[in-house]
Amino acid sequence: MRHSARPLRHARWQSALAIAAIASAVALPVVLVSVGEGVDAHEISTLEQSGYQIVVSAQGMHGLERAHQDAAKLLALPSVLDAEPILSISIDVINRTGNYSAAIAEGIVPSEFAATLSPTERGLFPLPLPLGDPNDTQHYQMGSYAGPTTYDVILSQPYAAAAHVTVGSTVVLSPTTNASLGIRYNVTGLFGPQESIFQPAGAFAALLLLSNLQTLTGYAVGPRTVVPDGADTIEVVVTPSAAESPSGLSSVEQEVQAALPSYTVTSVSSEAAQLRSADGILTGFYLALSSVGLAVGLLFLALVLVRRVERDRRSIGIRRAIGLPQRSVAASIVTDGATLAATGAIVGVAAGVAVVEGLATWATSTVQEAARLAIFAPTFLGELGLGVVGLSVLASAAAVRVAWRVEVLEALR
Amino acid sequence: MSGSAAPLVELAGVVRTYAEGEAEEVRALRGIDLTLPAGEFVSIGGPSGCGKTTLLNLVGLLDTPTAGEVRWNDQPVGLRTDRERSRLRLETVGFIFQRFYLLPTLTAAENVELPMRALGRPRAERRARAVELLREVGLEERARAYPHQLSGGEEQRVAIARAVANDPGLLLADEPTGELDSASARVVLDLLGRVRAGRSATLVLVTHNPEVAARASRHLALRDGRIVADRREA
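Chains as they are written, first to last, in our numbering: chain A, 1 to 413; chain U, 1 to 234.
FYI, nobody ran anything at the bench for these hints, they're computed from the structure. From a predicted model like this one, the values you see are computed outputs, not experimental measurements. Just so you know, not all the hints are guaranteed correct.
Said to hold, decoys possible - Facing chain U, a subset of chain A residues (Cβ under 7 Å, in silico): (1) Leu289; (2) Ser315; (3) Ile322.
Just so you know, even glycine gets a beta-carbon here, dropped at the ideal spot from N, CA and C.
My request is simple: use the sequences and hints to build the entire structure.
Below is the structure:
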């Protein structure tokens, strides 16, 4: 290897360019796959650690039509501990000074909500939730929405700070940017920022009773053109014994599906499996994308090696004249190529890691957060490096072929 | 290390034609019959283009005849594969070229080690032998120098050390002093004579310098691809 490394110094620019080409081809998948894997692993972990195990959903936004009744049906099942209908929708919040700001609001049933939280999330909320009616039955009153309500809301801390709202004050929540359509709510508490790589924009900022949000936004009983008791999903918590085994969970999943045949029922574990599958597809796509760069890098390496053989015809002739077999000359070319490729792979991995570290330090919030989640899997990096070195053998083939054709006497002339 | 015995080399009716059948056809050798007994010091002289180097290349298995036969120890070598002939060269022949032909990317010691590496000799053994050979040619101190850091005479001495690295029985030198000043040439010729004598190797030396040729015990003269004189010293 020492001998083969020395010619590299004699063609510094060519070698540097070949190494740079391979390095940039390697750095791209390192960045894409490492960040992609990190984000996916985080999302899967979050999903797996959530407090609920089964999700009921419908086609389209807010497609569940009898959220309270359906949740009650599920609660009647022996293996179901909690069933939490959720309506998630964007509203406007108007503070005391009349400033508008958009917020994602979640309508929930407080008594069921806590059970659907992961242990980490649970610590973020004031429990029991200070939203007046813990079961959201008074205002709802069997679908009439005629009962009394307290109009309480709790806000996320970053959102409250940005909107200059404190606990004890009031805000107007409105479905549009029109305060006259809004209702004044009491801010009864704050909750910690949600753990999400897209925070704060993607996480909900306001939490209120499901029936309050339904009536505010028109997803309550009304004309037939709108859904009567709308929600997006019902998150279902099953008993520990049912959650223990995949078969137990599958059995509850079937019970839930039987209770609500019109809707889609999925388990969190199957969602995690789907995420993993999507992650695999995405990784394959990243690698396919990177293979273009890699092909260019290897082509460049092949050209550099051919150029080197043409330049070193005399040296090859001398070696052959001395009696070195052709395979020895071929081996030195392949070793040369592998040395350049290995150097390029090492530089590429280092560059990829440096880019991700740079993004994690200096990029804007979402990119930065994603970069911080990056996973540099030694197996992947090792396989990538070995793959590049392996492919360098193919890249060396053209140069070996040229060297094979060198006529000894002609080369010595 | 036991070196290879010097082979008895015989050429019978050897013809070498370049670009045969083409307009620029060159008949470099036109029927050479020659026997080179083991241990002999032979000079080949003659004007430029008379076929001296072609003859040397045929003897050293770097080239194959267009017609006729080259035999080593009564065995024809013309039909051997390229690989077999490479192996024979590696084990039995040491080449010394006019332009030295050291590999520029290797040090003097590494150049000397090269034929031994090709034979698969252990690293420590070939290192020690390279140092020993460089000492023999008076260049032990220059072992780590690259060819461009050596004088012409030094380069040729390294080339001689490389040529004898595998203790070949046949040394072929093509104008070994052609690029050297007279002082360096004398040193190189003395050295060549010493290493040949020390190993009882056959030395075939191509030169058109009569002073160089005078050191040989047998003198061949070529003209137009034919041997026109074959004289042994008394």
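A quick look at each hint next to the structure:
1. Taking 7 Å as the C-beta cut-off, the interface hint given for leucine 289 (chain A) is violated, the closest approach to chain U being about 38 Å.
2. Of the supplied interface hints, the one on serine 315 (chain A) holds, with its beta-carbon coming within about 5 Å of a beta-carbon of chain U, less than 7 Å.
3. Hint on isoleucine 322 (chain A) holds. Least Cβ distance to chain U is approximately 5 Å, under the 7 Å limit.
When each numbered hint is compared with the structure, a violation occurs for hint 1 only.
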